[in-house]
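Trainee: Residues per chain, in single letters:
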Amino acid sequence: MDSFLQQVVNAVSLGAIYSLFALGYALVFSILGVLNLAHSAVFMTGAFVGLLLVDKLHQPLWIAAPLAMIAAGFVSILLEFVAFRPLRQRGAARMSQLISSIGAALLIVNLAQLAFKPLWGGTEAYFPQGLVPDQPIVIEALSLRIVPIRMIILVIALALVIALQYLVMRTRIGQQMRAVAFNQRTAALLGINVGRVYVLTFFLAGLLGGAAGLLYGLVFLNVTPFIGDDVALVGLTAIVLGGLGSINGALVGGFLVAAIQTFSIAIGGSNYKNAVVFGLLFVLLLARPQGLFGQSESTRA
Amino acid sequence: MDALTQALVDILRPLGITEPVLQFMLVNAILGISIYLTLYTGMFSLANAGFMAIGAYAGVAATQFLGMPLWLGLIIGMAVAGIISLPIGLPVLRLKDIYLAIATIGFGEVVIILLLNFDEIISSIATALQGERVRIRLLEGARGIKGIPKSTETWMLFAFLALLMFLLWRLHKSRLGRAMAAIREDERAAANMGINVVYVKNVVFVMSAVVAASAGVFSAHLTRIISPGAYGFDKAVDILSFAVLGGTSTWVGPIVGGLVMGALPEVLRFLNDLRGVFIGLILLGVILFLPGGLINPAGVRLLLRRARRALRRRADAAERSSHAAP
Numbered sequence: 001m002d003s004f005l006q007q008v009v010n011a012v013s014l015g016a017i018y019s020l021f022a023l024g025y026a027l028v029f030s031i032l033g034v035l036n037l038a039h040s041a042v043f044m045t046g047a048f049v050g051l052l053l054v055d056k057l058h059q060p061l062w063i064a065a066p067l068a069m070i071a072a073g074f075v076s077i078l079l080e081f082v083a084f085r086p087l088r089q090r091g092a093a094r095m096s097q098l099i100s101s102i103g104a105a106l107l108i109v110n111l112a113q114l115a116f117k118p119l120w121g122g123t124e125a126y127f128p129q130g131l132v133p134d135q136p137i138v139i140e141a142l143s144l145r146i147v148p149i150r151m152i153i154l155v156i157a158l159a160l161v162i163a164l165q166y167l168v169m170r171t172r173i174g175q176q177m178r179a180v181a182f183n184q185r186t187a188a189l190l191g192i193n194v195g196r197v198y199v200l201t202f203f204l205a206g207l208l209g210g211a212a213g214l215l216y217g218l219v220f221l222n223v224t225p226f227i228g229d230d231v232a233l234v235g236l237t238a239i240v241l242g243g244l245g246s247i248n249g250a251l252v253g254g255f256l257v258a259a260i261q262t263f264s265i266a267i268g269g270s271n272y273k274n275a276v277v278f279g280l281l282f283v284l285l286l287a288r289p290q291g292l293f294g295q296s297e298s299t300r301a
Numbered sequence: 302m303d304a305l306t307q308a309l310v311d312i313l314r315p316l317g318i319t320e321p322v323l324q325f326m327l328v329n330a331i332l333g334i335s336i337y338l339t340l341y342t343g344m345f346s347l348a349n350a351g352f353m354a355i356g357a358y359a360g361v362a363a364t365q366f367l368g369m370p371l372w373l374g375l376i377i378g379m380a381v382a383g384i385i386s387l388p389i390g391l392p393v394l395r396l397k398d399i400y401l402a403i404a405t406i407g408f409g410e411v412v413i414i415l416l417l418n419f420d421e422i423i424s425s426i427a428t429a430l431q432g433e434r435v436r437i438r439l440l441e442g443a444r445g446i447k448g449i450p451k452s453t454e455t456w457m458l459f460a461f462l463a464l465l466m467f468l469l470w471r472l473h474k475s476r477l478g479r480a481m482a483a484i485r486e487d488e489r490a491a492a493n494m495g496i497n498v499v500y501v502k503n504v505v506f507v508m509s510a511v512v513a514a515s516a517g518v519f520s521a522h523l524t525r526i527i528s529p530g531a532y533g534f535d536k537a538v539d540i541l542s543f544a545v546l547g548g549t550s551t552w553v554g555p556i557v558g559g560l561v562m563g564a565l566p567e568v569l570r571f572l573n574d575l576r577g578v579f580i581g582l583i584l585l586g587v588i589l590f591l592p593g594g595l596i597n598p599a600g601v602r603l604l605l606r607r608a609r610r611a612l613r614r615r616a617d618a619a620e621r622s623s624h625a626a627p
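Each protein sequence line maps, in turn, to chains A and B.
Counting with this note's numbering, you get residues 1 to 301 for the letters of the first sequence.
Counting with this note's numbering, you get residues 302 to 627 for the letters of the second sequence.
Just chain A, same shape as in the assembly (with noise of 0.2 Å):
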């Protein structure tokens, strides 16, 4: 068994990519108050076009990265205006916009998966060996193995997440969308374009899922059609760990579940990661459903 020590850098740096695909959740549901299951199929996204603009297009990652988030990133407008806005205006129960977007999500995957036959042959593609630095860094002192992409994705992701929050709460924008997140017609009133900030809210939503997909898919440097549901409900579950809405709550709650599963291989195998973080969503509803952090719903923002 690894060391404490390994573990902790091991979930530290899974708790980054959950926490970025977390925000994403957690950013449409506190603006809109709807759940987004199609979420995990911009992360898929973000992943398919980074590894197709490097493996087929032959472009350099610092290309391909940013070219990747802003693909996720329309995608995830694209599902606000087909999966969303249509009900939303027609004043549609909050549940028939979750079936909606899972049907989205679907249909992204599959297509997804037909994209990848004539692409790569199959549903699984892999990054070519060597276009990040995976070669572990062995610190014999504390007998730690660090790979070095692993410690470049913290860093993205903390980079993310703090423009994130300096987009939210220190610029014009940002307050549009917290007035939106507070009362939607208040905000209206008030002349701020709420549709725009949906839209946008989506783009930054699907920014970070796809940012979140591409660096999944480089630490693990396989992409399937499929790896969306690898994250799924670990994202779901960080969401409701950290209160559903909460932003911060969601970062917390990726690291929480990032810990939780890498503890729970050392020391129960790998068979139970997700039975110990899904029975610890399934108590945390039961016994505190706003969250560790939370406001009680009627109080959300």
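By construction, these hints were calculated from the structure, which means they are not laboratory data.
If a hint is listed, it holds; no wrong ones were tucked in.
Below 25 Å or equal to it, Euclidean Cα-Cα: the simulated SDA-like pairs (lysine to any residue) are:
1. Lys397(B) <-> Leu292(A)
2. Lys117(A) <-> Val578(B)
3. Lys397(B) <-> Arg85(A)
4. Lys536(B) <-> Ala93(A)
5. Lys536(B) <-> Ser550(B)
6. Lys117(A) <-> Leu575(B)
7. Lys397(B) <-> Ala92(A)
8. Lys56(A) <-> Glu124(A)
9. Lys397(B) <-> Asp539(B)
10. Lys397(B) <-> Ala275(A)
11. Lys397(B) <-> Arg88(A)
12. Lys397(B) <-> Leu589(B)
13. Lys451(B) <-> Asp303(B)
14. Lys397(B) <-> Val276(A)
15. Lys536(B) <-> Gly586(B)
16. Lys117(A) <-> Pro566(B)
17. Lys397(B) <-> Leu284(A)
18. Lys474(B) <-> Arg602(B)
19. Lys447(B) <-> Lys536(B)
20. Lys117(A) <-> Gly577(B)
21. Lys117(A) <-> Gly530(B)
22. Lys117(A) <-> Phe534(B)
23. Lys397(B) <-> Gly91(A)
24. Lys447(B) <-> Ala380(B)
25. Lys536(B) <-> Tyr272(A)
26. Lys397(B) <-> Arg94(A)
27. Lys117(A) <-> Leu582(B)
28. Lys447(B) <-> Gly368(B)
29. Lys56(A) <-> Pro133(A)
30. Lys397(B) <-> Gln184(A)
31. Lys397(B) <-> Gln89(A)
32. Lys56(A) <-> Leu67(A)
33. Lys447(B) <-> Leu367(B)
34. Lys474(B) <-> Leu462(B)
35. Lys56(A) <-> Pro118(A)
36. Lys117(A) <-> Glu567(B)
37. Lys447(B) <-> Met457(B)
A few chain A positions that, by computed beta-carbon distances, are all more than 10 Å from chain B:
38. Ile70
39. Gln129
40. Gln165
The beta carbon of each residue, even a glycine, is placed where N, CA and C say it ideally should be.
Guided by the hints, dock chain B onto chain A, whose structure is given.
Mentor: Showing chain B alone in chain A's frame:
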């Protein structure tokens, strides 16, 4: 009975529906009833696939390992799911919409993981009890149980579905059925009217679980192989699509939805590779353009009324213009 099903299969054959497809459609219809029950009560539960798995494994354990006949396996599968659903439902049904959906998705995943690791868990318990290493292989983890006898007959499915439909019809006329509708419309008002909301919700949850389990037992004895992977989130979404396509304003809707979703990939052969795309489109398209589903008397009535009004208006306008002309 056999002659009747044979005749039906002969009628459907030109559409590309063979007997196995018909059986699959009927199982879907039963699953449609299972999700209808919870949706009709206003509970957005996605636990059906999990209970289907429990029913399938418990039923197969009875027929395969204990050599019981199918009807006994069916009863055992349904009973086990019912017993498990009670302690799940009691706490979980306090949650509403999105929270309930997430919790039941979590439940489904835990069921799959437990089934995958069942042998290992049992083995380690036995090892601890006996003090020596014991290896038990029962459910075979991800490989699944193979060689289950194909003992489900088409007439059984027809008979069971008919029984369920009769019970549903009775249910809607009963006190419980009215209470279910009342809870869906407004839970607080229903409670104020003296309806025991907790009791009704739990009864419905158990009924839904038992019906899903029966579908699990039947389908396990059709496919002859069961593995935990077949009952995951994808299956839950599949079942949801039956209700969405058919509509949940009447109990006929999810049954029709299940039948259609079972038949379509066979009728439209070219859809085989596109099954996922297709289900996605159905979910999205029906929610967007046909919110009440295929079977929606209220929607049809509304449409007719609108059409009639539009016609009348046009007639009025024509009359007025003919008056104005001279």
